[in-house]
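Here's the letter readout for the chains.
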Amino acid sequence: MKNEYLPYPARIKSIQRESFDTRTFKVVFVDEKLAKSFNYKPGQFMEISLLGIGESPISITSSPSGKGYLEFTIRTMGKLTRAINQLNAGAILYLRGPYGNSFPLEEARTKNLYFIAGGIGLPPLRSVINSAFDHRVNFGKVKILYGAKSPDELCFKEELKVWQNLTNTELLLTVDVPDKDWKGNVGVVTTLWDKTDMDGNRGIAYVCGPPIMIKFVVQKLLKSQFKERNIYISLERYMKCGLGKCGHCNIGGKFVCTDGPVFTYQQIKQFPDKERAI
Amino acid sequence: MKDFLLKKDKIKNLLISASEEWDTFVPWKDLGEDLQFVKLPGAGKEDFLNKLSLEYGSPLIPPKTIAFPQLELLFEFEEGKIKEKVPPPTKKLLFGLRACDVKAILFVDDFFRRNFEDIYYLNRTMDKLLVLVGCKTPPRDCFCTSTKTGPFLPVPRSLGEVRKEGFDLQLVDIGDSYLVEIGSEKGKEFIESYKSFFEVASKKEVELSKDAKKRAEEAITLKVDFEKAVKNFCEDKVSRKVYEKIAERCIYCGGCLYVCPTCTCFNVFDGKKGKRGERSRNWDACVFEGYTREASGHNPRPEKWQRTSRRYEHKLKYDYLTTGMSGCVGCGRCLATCPVNIGISQVIEEVAKNEKRISSLSGKD
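Here the protein sequences come in this chain order: W and Z. Residue numbering for the first sequence is 1 to 278, as defined by UniProt numbering. Residue numbering for the second sequence is 1 to 365, as defined by UniProt numbering.
Everything labelled a hint here was simulated from the structure, so no lab data went into it. All values derive from a computational prediction rather than experimental measurement. The reader is advised that the hints may include incorrect statements.
[Claimed, not checked] Think about it this way: if two alpha-carbon atoms lie no more than 25 Å apart in a straight line, the pair counts; the simulated SDA-like pairs of lysine to any residue are:
{"id": "1", "chain 1": "Z", "residue 1": "Lys85", "chain 2": "W", "residue 2": "Lys41"}
{"id": "2", "chain 1": "W", "residue 1": "Lys13", "chain 2": "Z", "residue 2": "Lys85"}
{"id": "3", "chain 1": "Z", "residue 1": "Lys85", "chain 2": "W", "residue 2": "Asn112"}
{"id": "4", "chain 1": "Z", "residue 1": "Lys92", "chain 2": "W", "residue 2": "Glu4"}
{"id": "5", "chain 1": "Z", "residue 1": "Lys8", "chain 2": "Z", "residue 2": "Gly271"}
{"id": "6", "chain 1": "W", "residue 1": "Lys215", "chain 2": "Z", "residue 2": "Ile82"}
{"id": "7", "chain 1": "W", "residue 1": "Lys13", "chain 2": "Z", "residue 2": "Lys92"}
{"id": "8", "chain 1": "W", "residue 1": "Lys41", "chain 2": "W", "residue 2": "Phe20"}
{"id": "9", "chain 1": "W", "residue 1": "Lys274", "chain 2": "Z", "residue 2": "Gly80"}
{"id": "10", "chain 1": "W", "residue 1": "Lys41", "chain 2": "W", "residue 2": "Asn112"}
{"id": "11", "chain 1": "W", "residue 1": "Lys79", "chain 2": "Z", "residue 2": "Leu74"}
{"id": "12", "chain 1": "W", "residue 1": "Lys79", "chain 2": "Z", "residue 2": "Gly80"}
[Claimed, not checked] A few chain W residues that face chain Z, going by a derived Cβ cut-off under 10 Å, partial list only:
{"id": "13", "residue": "Tyr8"}
{"id": "14", "residue": "Ile12"}
{"id": "15", "residue": "Lys13"}
{"id": "16", "residue": "Ile15"}
{"id": "17", "residue": "Pro64"}
{"id": "18", "residue": "Arg75"}
{"id": "19", "residue": "Pro104"}
{"id": "20", "residue": "Ile120"}
{"id": "21", "residue": "Leu166"}
{"id": "22", "residue": "Gly252"}
{"id": "23", "residue": "Lys254"}
{"id": "24", "residue": "Thr258"}
{"id": "25", "residue": "Lys269"}
{"id": "26", "residue": "Pro272"}
{"id": "27", "residue": "Glu275"}
{"id": "28", "residue": "Arg276"}
[To be verified] Covered stretches of chain Z, going by a simulated chain W footprint (3 or more residues, C-beta under 8 Å):
{"id": "29", "region": "137-144"}
{"id": "30", "region": "255-266"}
The C-beta atom is built at its ideal place from N, Cα and C for all residues, glycine as well.
My request is simple: use the sequences and hints to build the entire structure.
So this is what it looks like as C-alpha cells:
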C-alpha cells in the first residue's frame, strides 16, 4: 500500500515573475527516475508543501507534453504561498500527486474551443490551452478570454503574445483597472462578449476563475447557446489531502479533489445551492 | 451454527491470554470513572482488568480513536529529509464493542479503503477481531432500534471470510455467563484457539439469550422515524428554516462531531522547531467557520445554517446516497455531549414529522 501522504522533493529550476504577487516556478523532481516517469493530465493539481510551513493544493500549469518538469503559478495568498514566493532557484519544494480529474480534450475534437479565465484562473487553463495547441489540427477556432484586475496582474505576458499570433486563434484581454499604457478593453471578462462572436453551437468552454466570475460567465455562455454539458469548470475548494479523505472540499456527496476539480455545468447544477457558491 | 458459552469469571484470564497474541482493547473505567477504550498494558494486566466495564454504557470517545487518533503523526523531517512514521500493522482484538460501534467501525473502514487507501488508518485496523457485547442497559440517549444498528446484530446463517453482519463474535449477557454467537470464520478460529475458556451452550442458555436480547431491545425507549427522516433528507424536503432554527442554539463547538463514531474529517498541519519538525493530522469538524475557508478568504459555506445543513445532510443524506448506509448509527453520543442539548435524534424526529413545519427543537426535559 502506497503512503499517499508522503511528498517527494523537487528542485526549483527557474522562476518567472508574473506580477507583484505572483510567480511561475519550473520544478524538477530530485529523483531522476520519478522525474522521467511522472505523468499528469491538464487540469490536475498537486499538493505542494514546504516542510514546517504547510501544504496546499496548486494546479499544474505546464502541459503534459513538456516532459521531465512541472510548472506552477503561485500567488501570495497565505502563509505557505508567501513563503514559496520568497524562494530562489535551487530551493526544494515537496510535491505529491497528481490529483483530481482533468479537462477533457478528446470530446472537443473538431469543435471550437473557448477558454475563459479570470485572474489566477488562467494557470490551470494554460495546461489545457497548450495541450490543445500541441494537437492544433484536431480543433477548430480557439478563443481565449482573459481578465485580470490590472495589466500587471496578467499572467504569462510573453506567452499571451505567442498565442495571439497563432492562426485561427483569438486572444481577448480585459482589465478592471487600466494603467496609462493599456489600450485594451476595460471591464469584467463578460464585457468581452461584445467584442467577439461567441457561438456555443460547435463550442466547448473551459472556465476557471473566482466564483463570482464563473457565475456570470456561465450565464453568458448559456445565452450564447453553449450546452450545459459542454461547459467545463474547474472549482476551487480547500483541499487539504487531495485523496477524498479530509472532507474539506465536499460539495453534496462529491469530493472536489477526487470527483473534480473539473465539473461540467450540468453536474454543478445538480449540486445543492447552499454549497455550490457559484 | 452452534453457540458457545463464556463464563464471566473466565473473561479476565481470556483477555490476559489473548493479549499475548493480540493488541487487546477493552472498555475501561479510568480514575475519573469515565469509560474509555484502552489497550491492555504490558504489565499489571490483572489489576488493570479490575476496571474492565462491560456492563454499562459505552465510552463517550468512540473506538474510532484506536485506528484514527485525534492527533496523529504522519512523518518527521530534519534538514529536508523525511522520516516516514507509518504505524506497523498489528493484530487487534477489540473486546466489548457495542453493536452501534461495530457498525460504525465497518463504515469508517470502508471509507478509508475507498478510492485512495489510507495507510495510516488501514495499518492500524486491517487485522482485527471485533467482539460485540450487546447492551444490557442501554444509555438513555441512544436509539439504535430506530437506526437498525443494535442493540444486537443478526447472526449470519453461514460464515464467510469477511464478517457479514459486522461482528466476529457477539456476546449476550445471560447472568453468570455470556452466550457467544459466531459471526465469521475468524471468530470461530478465535474460539478454537482459546477453547479452554469456552464451552458449548445448551438449549436453555440459548433461550435465555433470546430473552436477554428482547429485554435489551425493549429498554431502548427513544424511538425516531429514521427511515422517514432519511427519505425526507434524500428528497430535499428539509427547509433552510430547520437549519436556521438549529443554528440559533448551536454554539459550533464541534463536540458532536468529535465524539461521532463515523466522523472522519481531519486537517493536516506542520510543526517545526529549529531544523526538525513533523507533519501531523488532527480531527476537524465541518461546523467550524474556517473549515471551508480558502486562502483567498472565499468561503463556500459562510453562514452558520449552511454548516449545520452540511453536518446533518452528510450523515443522513449523502452517506446514504453514496454507500447505502447512513452515517448515523444511533449511538446518542452527540446528544450526550452537546452543551446546548441538540442531538441528531431530535433533528431526525423533527425532519421525519413534517418537513414543512418549522423546527422547534425544544430539547428534552
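Agreement of hint Pro272 of chain W with chain Z interface, Cβ distance less than 10 Å: holds (8 Å)
Chain Z contact restraint for Lys269 of chain W - C-beta distance below 10 Å: Given a least distance of 14 Å, the restraint on Lys269 of chain W is violated.
Hint consistency between Lys8 of chain Z and Gly271 of chain Z [alpha-carbon to alpha-carbon, up to 25 Å]: violated (47 Å)
Interface hint compliance - Gly252 of chain W to chain Z, C-beta minimum distance less than 10 Å: holds (6 Å)
25 Å limit on alpha-carbon distance, applied to hinted pair Lys41 of chain W and Phe20 of chain W: Cα-Cα ~29 Å, so violated.
Given hint Lys254 of chain W near chain Z, where the shortest CB pair must fall under 10 Å: holds (9 Å)
Within 8 Å of chain W's CB atoms, at least three CB atoms from the region 137-144 of chain Z: coverage verdict: violated (count 0)
Residue hint Leu166 of chain W, partner chain Z, criterion CB-CB below 10 Å: Violated. Min distance 32 Å.
Satisfaction of hint between Lys41 of chain W and Lys85 of chain Z, Cα-Cα up to 25 Å: violated (31 Å)
Restraint status (C-alpha distance of Lys13 of chain W to Lys92 of chain Z at most 25 Å): violated (48 Å)
Coverage of the region 255-266 of chain Z by chain W (three or more Cβ within 8 Å): holds (count 3)
Status of the Lys13 of chain W interface restraint (C-beta, 10 Å, chain Z): violated (17 Å)
Consistency with the previously given hints fails for numbers 1, 2, 3, 5, 6, 7, 8, 9, 14, 15, 16, 17, 19, 21, 25 and 29, ordered from lowest to highest.
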